[in-house]
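S.K.: What follows is the residue order along each chain.
Protein chains: 2
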Amino acid sequence: MMKNPWKTLSSKEIYKNQWLRLREDQVITPSGHNGIYGVVEAKPAIAIVPLSENQDTYLVGQYRYTLDEYSWEVPEGGALDGEHTLSGAKRELKEETGLTARTWTYLGELYTSNSFTNERGYVYLAEDIFDGVSNPDSTEQLRIKKIPFLQAWQLVLEGSIKDALSIVSILRAYEYLKKSQKLNN
Amino acid sequence: MMKNPWKTLSSKEIYKNQWLRLREDQVITPSGHNGIYGVVEAKPAIAIVPLSENQDTYLVGQYRYTLDEYSWEVPEGGALDGEHTLSGAKRELKEETGLTARTWTYLGELYTSNSFTNERGYVYLAEDIFDGVSNPDSTEQLRIKKIPFLQAWQLVLEGSIKDALSIVSILRAYEYLKKSQKLNN
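If you read the protein sequences in the order shown, they are chains A and B. 118 is the number that the working numbering gives to position 118 of the first sequence; each next residue is one higher, with no gaps. 4 is the number that the working numbering gives to position 4 of the second sequence; each next residue is one higher, with no gaps.
To be clear, the hints were calculated from the coordinates, so they are not data collected in a lab. Watch out, some of these pointers could steer you wrong.
Pairs count within a copy or across copies, as identical chains cannot be separated in the list.
[Stated by the list, open to error] Computed cross-link-like contacts, PhoX-like style, restricted to lysine-lysine with a CA-CA straight-line distance of at most 25 Å:
id : residue 1 : residue 2
1  : K178      : K3
2  : K7        : K90
3  : K179      : K3
4  : K145      : K94
5  : K7        : K182
6  : K3        : K145
7  : K179      : K16
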């Protein structure tokens, strides 16, 4: 669409932990000025909308340390190093909810906060699902809620679900199901 | 809804620039283990959906350094220190597009990427708009596109707009206009 108008002169790692890496680049801005750019590198964020035969979905509730807020979201997690996002989606769905699914549909990517991070979100719809045993991360304390998918869509519309990745995921699942004429009303 | 199950033992600033601050906290996780949490503190992100009398909107195109991608988005920007998000919305809309608006409607908040940042997005609909002179940030090289609002909604549905804050903003504007029976078809 357009050539990158930024120039990177140098790049320095500031911080790294298991989940993110912060680097500071010396740059020339599109308008030709010298500047810095702090970029938070994050692993792919994967979101899954599970859908049962009678069109229930599963939400995950957890306390978000970053925001000091409780948040209801779709099952989400980060890809492991070198892991394909579909494999990550299967793993995260199983870990958080115990569910496995036979039918997976990719609903596209998104940028979570592109002014400072390279994090991309990847959205999957999981159908033909089966119950199993969940095995959440030891850092997480999750609650799982099974509700009609259309009720989750209402929670998005009324603003009760505030996590951007969850909002986009439920929107895309809704539009996909509507288009495929699979949505029960 | 639930007490914060995380405990913060100490907090250390790792990095700070004009746009973000990174801190690393020593924590006790919800499951009782010692750990660290790297939190990226960011200013409120403000998004504006401008709507003309005949229901055109304005998209802003720019090259996103973080992702190495060109991205079409709604007008967006960060709040200044101490600035109310509505004042920020008026300022950013004017800076990026030259537009001013007489009618402002707040369409709620969202969390852009709550596993590692406290960034919140704030969405505004701007109606009764007037053209003026734009004055973009010197770091930005923006293109402005005026298109029918319903076409922007289609760009969201087909996945061409990938910025999460823009997707959520256009979705909320669409639902608000539909509910208020203001949407021309």
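S.K.: Is the C-alpha distance from K7 to K90 at most 25 Å within one copy, between copies, in both cases, or in neither?
M.R.: Neither way: K7 and K90 sit 38 Å apart in one copy and 31 Å across, limit 25 Å.
S.K.: Reference check for the pair K7 and K182, CA-CA at most 25 Å: within, between, both, or neither?
M.R.: Classified as neither; 48 Å inside a copy, 45 Å across copies.
S.K.: At 25 Å max between alpha carbons, let me know whether K145 reaches K94 within a copy, between copies, both or neither.
M.R.: Close inside one copy (15 Å), not across copies (43 Å); limit 25 Å.
S.K.: Within a copy, between copies, both or neither: where do K179 and K16 come within 25 Å Cα-Cα?
M.R.: For K179 and K16, neither the intra-copy (43 Å) nor the inter-copy (46 Å) Cα distance is at most 25 Å.
S.K.: Quick one: K3 to K145, C-alpha cut-off 25 Å, is that within a copy, between copies, both, or neither?
M.R.: between (46 Å within a copy, 18 Å between copies)
S.K.: At most 25 Å between C-alpha atoms: does K179 with K3 qualify within a copy, between copies, both, or neither?
M.R.: neither (35 Å within a copy, 41 Å between copies)
S.K.: How do K178 and K3 come out at 25 Å by Cα distance, when the copy is not named: within, between, both, or neither?
M.R.: neither (37 Å within a copy, 38 Å between copies)
In terms of the numbered hints stated before, the structure departs from hints 1, 2, 3, 5 and 7, listed from lowest to highest.
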